[in-house]
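**Q** Each chain, letter by letter, is given below.
Protein chains: 2
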Amino acid sequence: MTATPPSDKALVPFVSVENMMNLVHHIGIEPMLRGLSDYIEEDFRRWELFDKTPRIASHSAEGVIELMPTSDGEVYGFKYVNGHPKNTKEGLQTVTAFGLLANVGNGYPVLLSEMTVLTALRTAATSAMVAKHLAPKGADTMAMIGNGAQSEFQSLAMKAICGLKSVRLWDIDPAATRKAASNLKGLGLDVHVCSSAEESMEGAQIITTCTADKQYATILSDNMVGSGVHINAIGGDCPGKTELAPGVLHRSEIFVEYPEQTRIEGEIQQLSEDHPVTQMWEVINGTKPGRTSAGQITLFDSVGFAIEDFSALRYIRDHIGGTDLYMDLDLLADPDDPRDLFGMLQRAGRT
Amino acid sequence: MTATPPSDKALVPFVSVENMMNLVHHIGIEPMLRGLSDYIEEDFRRWELFDKTPRIASHSAEGVIELMPTSDGEVYGFKYVNGHPKNTKEGLQTVTAFGLLANVGNGYPVLLSEMTVLTALRTAATSAMVAKHLAPKGADTMAMIGNGAQSEFQSLAMKAICGLKSVRLWDIDPAATRKAASNLKGLGLDVHVCSSAEESMEGAQIITTCTADKQYATILSDNMVGSGVHINAIGGDCPGKTELAPGVLHRSEIFVEYPEQTRIEGEIQQLSEDHPVTQMWEVINGTKPGRTSAGQITLFDSVGFAIEDFSALRYIRDHIGGTDLYMDLDLLADPDDPRDLFGMLQRAGRT
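Here the protein sequences line up with chains V and C, keeping their order.
Numbering follows this note's numbering, in which position 299 of the first sequence is assigned residue number 299; successive positions increment by one, without gaps.
Numbering follows this note's numbering, in which position 348 of the second sequence is assigned residue number 348; successive positions increment by one, without gaps.
I should point out that these hints are in silico values taken from the structure, not numbers from a laboratory.
Just to be clear, a hint being listed does not mean it is correct.
[Unchecked claim] Not close to chain C: a few residues of chain V, all C-beta gaps over 12 Å, as computed:
id, residue
1, Y108
2, A212
3, A333
[To be verified] Taking lysine to aspartate or glutamate and the EDC-like style, the derived pairs with C-alpha atoms no more than 20 Å apart in a straight line are:
id, chain 1, residue 1, chain 2, residue 2
4, C, K137, C, E202
5, C, K185, V, E260
6, V, K185, C, E253
7, V, K89, C, D340
8, V, K52, V, E260
9, V, K86, C, E90
10, V, K9, C, D336
11, C, K9, V, E260
12, C, K9, V, E62
13, C, K89, V, E260
14, V, K9, C, D337
15, V, K86, C, E42
16, V, K89, C, D336
17, V, K86, C, E273
18, C, K9, V, D337
19, V, K52, V, E282
20, V, K89, C, D337
21, C, K288, C, E42
22, V, K185, C, D340
Each residue gets a CB set at the ideal place from its N, CA and C atoms; glycine is no exception.
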């Protein structure tokens, strides 16, 4: 007697790191960033539909492991993500991630995917989608402060989605800047290597900060920021980790993903709890104004939210069909008679 | 140029349903139930070490999807599990599950495993481990009320761990009883098919209730339960789902896993919030008494807790080594230079 092979319902498509990278090249990185940006924008537009829970964190001395669940009522998704700043020294990623989508109607998972590469793409696509709404008209030059793992993704997303032409790189570590400049060569952006944060900001209408400092740091001090810019603050994303001087915050119109989370993790943890902020989804659906004058400083205080991961997983689910860039995992038991799990187990022993 | 294959650190061992079933037969189901019971008992003994969070539930009209995380400070684990009572009608499992273990020190996952089969095993192993502590001396006969997917696992675990000799089956659906009796044939238990709940309880020192009723039901009414028995109540495990008459509860000494969760999900949701209960871990580590007299009714109001899943995943992690009963999943990105995720992605495109 042979065991029955698992039914389709018991198989969950899995996208490995290798297949995710192949999918990026299959679609093309800029079209994929634009596609992700469209999916994220669509989910921001229907923001009110979603179950929103702050991430569920398990803290230790070395770092944090988090689960970020959400649901739109039809599809449920969560991301597993860790943050261990010390990992870099050991040759490991500071952040690794994977995610899952499931059918709300029957609870069966429908996609398991790596999300280390995908999170890098969705973070950049979110930044660029927001900059499209908030940056001053004709913005084509960006200061990229912090040239780590996210910097090239940010630069390319701003090119693909906002028409960025020129990126001005700066990092306290010249090796990081050399790496970013080398990676960006030949991708259609003018790349300028700068020797100070101040120099990187010359002529820039968009300022992206994405440094790895764990402690309160001042990457942008008040006198560095002129009027009429859009600040895309990525690096301040956990309690005790901020990049902007309070003076910059006080001169800016501040836009956030989910205030409950941003007030704990974002730049605005430096401000009073009732400091006014605008939720980005209200700008996107037209309820609230975005930029109201050319001279204004707009600030996207980005910490990353579960809905963006959900959008990214939806994009992957919709784009792996017809490719061989996934494998089916036998993750779920599926006995012919749901009450006969034991019988299924016994029959497996007779093969 | 070829892409570097992922390093060991980026590969996560994955145990599929097929491999889990093969592992059960490789080890033997009774030795595996005993092993799981030992791991669970060990973790109950060091209960205070664990991060304990009630499960994080996403409810919908059709069911619930839950994440159950925990950590002992060195290892982090979570289980994904759904509960959709209507699934059975559609030929799907009511409950499917998978789980993960990760290294707290660096956040890297170390095991991904199916948990539909494994949860059935750990639930039975937990019941039997608790019965070993609470059932009257010499208990060798069990009434098994509710003959669904969990019933054979419960019966075998009680045999393997408590020396059960005889099981008395009853279910409102005779087909379920026929299935359970057939599955249990030849496994070393005297199996009696009974025609009523009352009949099933004749001579039984252990009474296990595990029915699928969603609503408040009375599987055990007060006059059915004599003195000197151990009740293993499995089926009352969510708000609105109970199996025992309040009178039975009031006559019993009640033992629970995690009171905060059991008061919401267990039989004791029918009692006042300050009704005294004993935490099972305190019995196991010797802090609190278990059964104190032969005539007492002990009741394990079991709802299933994250630590039991953690123990089960630890057992799997410790027992797949040296077998070919897992595969390595390329779930985590692992660039040579952690800051050079983009470079890794670019190089993948050149292969």
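**Q** Hints the structure violates: just list their numbers, smallest first.
**A** 1, 2, 3, 5, 6, 9, 10, 11, 13, 14, 15, 17 and 18
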